[in-house]
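Peer 1: Residue numbers (the working numbering), protein chains in the order written: chain P, -12 to 307; chain A, -12 to 307.
Warning: the hint list may mix true and false statements.
Identical chains blur together in the list; that is why a pair holds if it fits in one copy or across any two.
Below are the EDC-like pairs computed for lysine to aspartate or glutamate, each with C-alpha atoms no more than 20 Å apart in a straight line [said to hold, decoys possible]:
hint : residue 1 : residue 2
1    : 107       : 67
2    : 107       : 119
3    : 116       : 70
4    : 32        : 42
5    : 107       : 249
6    : 259       : 290
7    : 148       : 109
8    : 151       : 109
Don't read these hints as lab results, they were simulated from the structure.
2 protein chains.
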Amino acid sequence: MATPVSPIAIGIHGGCGTLDRKLQSERDWAETEAHLAQSLRAGWKILAAGGRAVEAVEAAVAVMEDSPHFNAGHGAALTEAGEHELDASIMDGATLGAGAVCTVRTIRSPIRAARAVMEKSDCVLIAGKAAEDFARRQGLAMVDNSYFTTERRKQALASLKALKARGTIALASEAERHGTVGAVALDGRGNLAAGTSTGGFNNKPPGRVGDSPIIGAGTYAKNGVCAVSCTGQGEVFIRHVAAYDIAARMIYAKQTLRQSADAVLEALGSHKIGAGLMAVDGAGRVYAPFNTLGMARGWIGPDGVAHVGTHKEILRLGAA
Amino acid sequence: MATPVSPIAIGIHGGCGTLDRKLQSERDWAETEAHLAQSLRAGWKILAAGGRAVEAVEAAVAVMEDSPHFNAGHGAALTEAGEHELDASIMDGATLGAGAVCTVRTIRSPIRAARAVMEKSDCVLIAGKAAEDFARRQGLAMVDNSYFTTERRKQALASLKALKARGTIALASEAERHGTVGAVALDGRGNLAAGTSTGGFNNKPPGRVGDSPIIGAGTYAKNGVCAVSCTGQGEVFIRHVAAYDIAARMIYAKQTLRQSADAVLEALGSHKIGAGLMAVDGAGRVYAPFNTLGMARGWIGPDGVAHVGTHKEILRLGAA
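One chain only, chain P, in its complex shape (with noise of 0.2 Å):
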């Protein structure tokens, strides 16, 4: 590998759509942060051995998206038809190259896909059943609709009906409907990447795509000013041009990632939506805001310390 000229940092999250501790099990809470630590560790691991941001971005969304904890991949949220329709994109802060997918069905890891569209076509967004075929021709993983079903979304979609069906639909805790992957990085070239996946949102209407596969909007990554993924309600995110708007602040009104992540999480929360952030600017500083109850989140900063979390408190699990 060359010389690092840069110091190299991984942020991660799996949604600030998080249930209340008392909603899951002790055991489902230590597999959630196992998860999390095993996503940082991949992304960590290609960080350390000299590869870059973007590689270490896919590698650390792909474990989330194959976990059923997190609303992306296996475990992802259900349609009002009761399908699965995923959306990812993937950003170079490098080269502003940036590949994504939405409304697919069959792609196992839509992550994967999205940095095929960025490095294989001449596409940014490619959408549905022509997504599915262009990551088949490029031999991604494709599997059943069926194979990203898990029982906790099953009964969510079920749950989430019966409310809708009493008139209660806004009873419906945040994380029974939302939920997203995403992780950004600092390489040691001084590269920025940053990804997003997600299932949307539980009982979404069929053709519905939010902020997650748009550049701007859910991700964004720019060499040395920040690389950012969102999560939350992604209509919101996309009439802020969210992700962007927090790189925006740093170019144009010298405003720090802290300030700006800061102002645009207050923007998007006036209203009245759950909203959170993993970002990392070109030093490395990495900076999780999020205003729920909880977001699965972890980090890796220049120090090399490993932290995880899903409600207030971090868990540092110490050296990577």
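Let chain P serve as the given structure and place chain A on it in line with the hints.
Peer 2: Chain A in isolation, oriented as in the chain P frame:
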């Protein structure tokens, strides 16, 4: 109507991929200009009667969608598969409300569907068949995919396929490939709006989504700042979050619309692509830069004088 508190203005574009003047008959150019004028008047009439900027934008864009001279609606580009897949979006600068559809095949006026998504759904973006089902339920006009086909696009597709077969695709002019329509407006209450509609580009891969339905990339509006609709190779606009970047420079770096739009166009142009945009600021100043041979466009500023043009020259049509 309420007493106006703001000057009114409208700007429209029919894409920056204008053909060389010699490549089309004078009769076709005259009809193109007539349709631009008709689009302008459709929007202006609403503004002058005290209507809302979003209504004016929708009406102006719908006229260009119905014209065979622009790459949107009837006259849209064809995919590699010889079909039409249309994208559109609209944004209300008063509320940051937004609506969009992508890869739709049977909605006569995608801009009307985008507005229905904004006002009659909880979504911002709906993709593919689900968007068509939504439009049908909203009572919008539905057509066969073949309604959008014109002889000119069939010839352009055949010509592009021939060039590609000979490996000389780079010789294809921007005009044979790209095209978009859009409108921006400022109403008497000081509300800004923007909308964009497109068939993408000739010989595009099925499923490809460009910047036109992406809020922040192809379309953006925020009261007191600007309304923007973009035209050019969409992938680059997405990666630069072009439409919102124009607003962000005005908000955070205190640039004028002209300074900001020029800077963004220069950044886009550095990718060696054709690019253009139509924009209006909160005071009704219209600005429409492009780096190509021409851009079909027109505007009526606060002085009430209509202008249209397809190349560098601008026709002053007189009072609207």
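Peer 1: Each hint: holds or not?
Peer 2: So, going through the hints one by one against the coordinates:
Taking identical chains as interchangeable, the C-alpha atoms of residue 107 and residue 67 lie at most 20 Å apart only when they sit on different chains, with a minimum of 18 Å there against 33 Å within one chain. In this assembly of identical chains, the alpha carbons of residue 107 and residue 119 lie at most 20 Å apart only when taken from the same copy (14 Å versus 30 Å across copies). For the identical chains of this complex, residue 116 and residue 70 are neighbours both inside a copy (14 Å) and across copies (15 Å), given an alpha-carbon limit of 20 Å. In the homo-oligomer, the alpha carbons of residue 32 and residue 42 lie at most 20 Å apart inside one protomer (10 Å), although the nearest pairing across protomers, at 53 Å, exceeds that limit.
For the homomeric pair residue 107 and residue 249, neither the shortest alpha-carbon distance inside one copy (36 Å) nor that between copies (31 Å) is at most 20 Å. Neither within a single protomer nor between protomers do residue 259 and residue 290 lie at most 20 Å apart by alpha-carbon distance, with minima of 36 Å and 41 Å respectively. Only between protomers do residue 148 and residue 109 lie at most 20 Å apart by alpha-carbon distance; the minimum there is 16 Å, versus 40 Å within a single protomer. In this assembly of identical chains, the alpha carbons of residue 151 and residue 109 lie at most 20 Å apart only when taken from different copies (15 Å versus 42 Å within one copy).
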